[in-house]
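> Chains A, B and C, in that order, are what the protein sequence lines are.
With the first sequence counted from 1, adding 10 to any position gets you the numbering used here.
With the second sequence counted from 1, adding 192 to any position gets you the numbering used here.
With the third sequence counted from 1, adding 5 to any position gets you the numbering used here.
Everything labelled a hint here was simulated from the structure, so no lab data went into it.
Backbone N, C-alpha and C fix where the C-beta goes; we use that ideal spot for every residue, glycine too.
Please note: incorrect hints may appear among the correct ones.
[Claimed, not checked] Okay, derived cross-link-like pairs now, EDC-like style, lysine to aspartate or glutamate, Cα gap no bigger than 20 angstroms in a straight line:
| hint | chain 1 | residue 1 | chain 2 | residue 2 |
| --- | --- | --- | --- | --- |
| 1 | C | K410 | A | E156 |
| 2 | B | K819 | B | D742 |
| 3 | C | K415 | B | E363 |
| 4 | C | K432 | A | D152 |
| 5 | B | K809 | B | E769 |
| 6 | C | K77 | C | E32 |
| 7 | C | K359 | B | D349 |
| 8 | B | K795 | B | E694 |
| 9 | C | K77 | C | D106 |
| 10 | C | K428 | A | E156 |
| 11 | C | K428 | A | D148 |
| 12 | A | K117 | C | D55 |
| 13 | B | K477 | B | E594 |
| 14 | C | K359 | B | D342 |
| 15 | C | K428 | A | D152 |
| 16 | C | K359 | C | D188 |
| 17 | C | K359 | B | D343 |
| 18 | C | K117 | C | D143 |
[Claimed, not checked] Ranges between beta-carbon positions, derived for each pair:
| hint | chain 1 | residue 1 | chain 2 | residue 2 | range |
| --- | --- | --- | --- | --- | --- |
| 19 | A | T115 | C | A237 | 37 to 45 angstroms |
| 20 | C | K201 | B | P494 | 21 to 29 angstroms |
| 21 | C | G447 | A | T115 | 19 to 27 angstroms |
| 22 | B | D237 | A | V144 | 34 to 42 angstroms |
[Stated by the list, open to error] Part of the chain C face toward chain B, derived, beta carbon under 8 angstroms:
| hint | residue |
| --- | --- |
| 23 | E353 |
| 24 | G357 |
| 25 | K359 |
| 26 | S385 |
| 27 | N416 |
Letter by letter, the chains look like this.
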Amino acid sequence: MRILKIMPEKCTGCLRCEIACSYMQTGTFQPAKSVIRVSPFEGHTSYAPYTCPQCAEGWCMTACPVGAITINAAGAKDVLDDTCVGCKLCTIACPYGTMFYDPDTRKAFKCNLCGGDPACAQACPTAAITYDDVPTVDWLGDFAAERTTRLLAGVR
Amino acid sequence: MSPPTLAASATKTKSAPARPGAYAGRLLRVDLTRKKCWAEPWSPDEMRDLLGGVGLGALILYRETATRGGKGNVAWDHPDNRLVLATGPLAGLPVWGTGALTVVTIGAQTNGPTSTQANGFFGTNLKYSGYDAIIVQGRSKDWAYLYIDDDVVELRDAKFLLDKDTWETQEALGAAHGLSGHQLSVYAIGPAGENLVRFAAIHGDYGHVASKNGCGAVMGKKKLKAVAIVKGTQALTAADYRGVIQAADDIAHDLRTDPSAKSLYEYGTLPGVVNLSKLGMLPIKNYTTNVPYDDTSTWEAPKLREGFDHRGHQCNACGMHHCHMQVIRGGEHKGKVVDEPEYEGWSGCGWQIGARDKEGISWLNTECDRACVDVNEFGWVCGWVMECQEKGYITKQQLGFELRWGDIKGAHRLLRMISHREGLGDLLAEGVKIAAERLGGRAKECAIYTLLGASPRGHDHRGRWDEMLDTCTAGTGTLESGVPVHVAELGLPTRITPFDGEAVSRQVAGILGRRHFEDSLGICIFTARTRMENLCRALSAATGWYYTLDEAMRFGRRTAAILRSVRLRCGIGPKLERPSARYGSTPHDGPAKGQAVSEQWEKMVDTWYVQVGYDRKTGKPLPKTLKDLRLDWLARDLWGAKK
Amino acid sequence: MPARHLIIGGGTAGMNAMRTIREEEKERSELTLVSAEKPYSRMVLPYYLDRSIAESHVFTATAGVLAEWGVKAHLGRRAASLDTKANVCTLDDGTTIAYDDCLIATGSSPVKAPVPGADGRGVHSFWTLDECRRLIADTRPGSHVVMVGAGFIAFTILNSILARGATLTIVEIAPRILPRMIDATGADVVEAWLRKHGVTIRTDARLAHIEDVPGARGSKTIRKRLRFAKGADIVADVVIMATGIRANLEWLKGAGLRIDQGIVVDDHLRSTVPNVYAAGDVAEGRELISGASVVHAIEPTAQEHGRVVGANMAGRQVPYRGSLSMNIVEVCHLDIASFGAWDDPKAEAVTGVKSDRSAYRKLLWTGDRLTGAIIVGLSSAIWTTNDIGMLKGLVHSQVSLARFKDYLRKNPFDIKPAYIASKATSKLLPQTVLGRPSKAPGTTPVAV
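Extracted from the complex, chain A is given alone in its bound form (with noise of 0.2 angstroms):
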């Protein structure tokens, strides 16, 4: 399956993935909706793109209380509109934070993947984000590791 790799070393904190995710995920664009989130590490030195592993327990698709999560042609989950009914247990099954709930729509809403054509890694322009065939695992875990030194020493 291919799934969304992350090499947190080239990104540059631009978010311009979350506004083209919420553009998919809103059809306007309000990274407030992004469901791709980029998270700063020491303030303003180190960033990098998170998003929905599509883990292999899908915590989402199986707290779902009506069935409305199911995996997409991409072989991601994805939340079905018409079914969901808002009531956010997803959002605290979901160890990863990346289940959303827009309280525009009541409906919750995450990573799809865009049905196989992912609008984050078109959008990177350093190619932090690429869609490709490989296992899923913990990209960011090492970099943010490294990162954080200073943010926990105290200096900036």
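Let chain A serve as the given structure and place chains B and C on it in line with the hints.
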């Protein structure tokens, strides 16, 4: 006479057309005297007329800073001065480099209008909070900072931020609000702004500076320490989303591949050091020479970059390899995080003051940002003091210590004296022009400034006459026409002889307006280095207008005419449109050796006036010019009803 | 002869068990369901109450699905007794069902506070579909609804009541709202938010009795007067009693199962009688972090219990790691969530409040691991949902936060760097409840 106030006309408009895409649709008005903040609508017609950025700011200055029935203007330090912090229609969209902040105000250096741009995420965060611009007026009794979090807009006590530098201020605000990275965009002043240093800048988002004409002093005078904007949660629409994305991709392609932008794409402004040194445009030791004192091969862009541990720090949606953070690898400041100096930093904190130590220069450059002084003017002051010390025009006693060429530590000491107005620093804080005029004598002859009072960019303009002419004549007191980009689009020659005054004047006048247009879009001047056609396409897709290059240039020139009218109202007429003696001198060595701008100066200015359609005697835009620009109301204001 | 599985209770646990049995089994078994109601999801009733979904949307198994799964369903019947020696269950109509193994998943029922008048007409509970229908019928725009009790169940329908145009008063016997979901500071933030949104709240209010207000002759509607131990009376059009729930265990008297707070189950969710499983609200099973034996009467536990039981009934040996207490509720676009041991008095607590944004975080530590958390924040605030999930992940994964403990003490709102840098993701990615990737709902293969 003039058009009605923005709010009034917005509410008056009947059956108004739908709001164009990409606009947030509201202006945020902040009255510091009354401690009140409120949102004002602006109409679709005004959006098309003024776009945003300097276009919007210029009209606000014109409308709101007049005195004596439009004959005079408030001074920079008057509570009625406006500090317009504007962004534009492209801000927050996926077009590269669209987080721009344009500061428009009556600046402290010229005491006339100015427009100066910074980038980062100001525009993004502001637009997604639901505002296109902030208009600050009045003066606070106590130090305050403006906090914006969608509809929560408040003036808050800034006591805990006082005397903090700009980076510390941003960190403190981030900690206070529990926000990090781009979740909180902060534009602040450091000690230099608090102490009303006339060339104080407004700094934001770690390394982005609106530096020109003392806009930081205006903010300081208003006792506004910072503007903190939480990443907003609103949506921005586009008339044609796919169109915006495609225009953005076209622009990106241009920037990546077109020779006019490719090196910027790869290395930002770093290649400037070596490239300009070859043309006699690198300012070396306060114009005392034009021959590099150091091996320039060690100053090639890749070397400057490889010398540090680099971390991308791009602005909104930007793919340029331009803005970076760097960690200093060795020396006294090992391990410190600094903003990679722009070309201007390498020149202002480097060549202009005779420095070689790249780690030291990099550190000093960020120290300028932290103190919030314009790095160009700092260079002109520091290099000038160094030369005056060398020549004995400023004594060790006067300064309190000895400051030699290349002394980074000493330069830093000077920076502190200036930003805190200590000792001679109090005088130097007035900027080169005022300090030189006060000291007078031989010292004055060494000083680099324009009679308008503002600082030139970090070049040796004796080899770059277009920018000298632009700097001296500008309605903004600093570069107004800007750099020629894709001039063939405007029917101008792609190459001219740089020391042919006539050709230079035509070129400078010919491109006047383009930069105002770029700026008003909320896009960085570097990512706007594409064909205007592309910019117009992006604007059209975003807003739904049919916006052409003609309209763009007419818009830009209209903005220039309005700014110039404010400038004239401030009492800054054509007589002051000259370089200082040193600034306009003739290089005695280097690539531009013997090229004397002074010999052609008057003719250059004459030509420029004819080309832009302004009156040489009064400086006013001519009635015909104004009519062509559809500024009939301004013609009536400037020339009376009859003409 | 195929195995005979009996599922008692058609709620979340039972439905998940049946689906998992069909997913896992190698040989088609006989599947029998006893359910007092047609299977539906209690979680989504609030959305039926506010009419954002239609009634048909609440059902979790249509007749068609039950037929496809090959389930022999006794709907509308209750189990009356269980003979664990004879392996026979007797229903309330006398029907007997013999089984090889069975699952008890009979859930809970609401308990009305023992207040005179609480069982009269016009006093509602909100638990079953029938009760939901009655509440829809009685609540009109402009109705004054009084909610007795300010716990989680009450909070799940606040939005729905407001959305129906009713005015709302909450009365709570405790000194504060949500006493079993969040702490006092968090409750203050929520209370302020609700007041701002026009909800009247009365805490420390001991209801003494409920009586009818004499109305106009022939009037169909009955208004209610609520009298309190002290303070003014409240007159209401609709009274909802949300004063607690109790597990449905009475019918198991004499069945020979060990019952403490619930039916005590081992790590494979078997009761003390090995071929009798229990799941959901009636089961007292392993808690994820402490390993203690607890009842977690929450939807996620019912789901996981049901799936694990289903796998085990189908012949696999799947141990259950344990359940984690978690709740989330949203009122007027304010999210309120808590995880794990959020009220552990022994844990070290770190808190942060942003009153201007109605945001609150409480992190509870045991050593350098997060064992509980409370989070309150605007649904629209960019990082609220993000932090909810990440805090869940930190509690769930029990990853060591080492030096980030100190960081989070100072920056309780900056969860992301701590979460990512402590590599919770690496620890979580290999985890699955059933030891294999989950299947999408609706794609359950039917073994033949």
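> For every hint, state whether the structure bears it out.
Quick rundown of the hints versus the structure:
no.	hint	result
1	C/K410 <-> A/E156	holds, 17 angstroms
2	B/K819 <-> B/D742	holds, 15 angstroms
3	C/K415 <-> B/E363	holds, 14 angstroms
4	C/K432 <-> A/D152	holds, 13 angstroms
5	B/K809 <-> B/E769	holds, 12 angstroms
6	C/K77 <-> C/E32	holds, 17 angstroms
7	C/K359 <-> B/D349	holds, 16 angstroms
8	B/K795 <-> B/E694	holds, 7 angstroms
9	C/K77 <-> C/D106	holds, 15 angstroms
10	C/K428 <-> A/E156	holds, 12 angstroms
11	C/K428 <-> A/D148	holds, 7 angstroms
12	A/K117 <-> C/D55	holds, 15 angstroms
13	B/K477 <-> B/E594	holds, 16 angstroms
14	C/K359 <-> B/D342	holds, 15 angstroms
15	C/K428 <-> A/D152	holds, 8 angstroms
16	C/K359 <-> C/D188	holds, 16 angstroms
17	C/K359 <-> B/D343	holds, 16 angstroms
18	C/K117 <-> C/D143	holds, 19 angstroms
19	A/T115 <-> C/A237: 37 to 45 angstroms	holds, 41 angstroms
20	C/K201 <-> B/P494: 21 to 29 angstroms	violated, 58 angstroms
21	C/G447 <-> A/T115: 19 to 27 angstroms	holds, 23 angstroms
22	B/D237 <-> A/V144: 34 to 42 angstroms	violated, 53 angstroms
23	E353	violated, 20 angstroms
24	G357	holds, 7 angstroms
25	K359	holds, 7 angstroms
26	S385	holds, 5 angstroms
27	N416	holds, 6 angstroms
Of the numbered hints stated above, those contradicted by the structure are hints 20, 22, 23, listed in ascending order.
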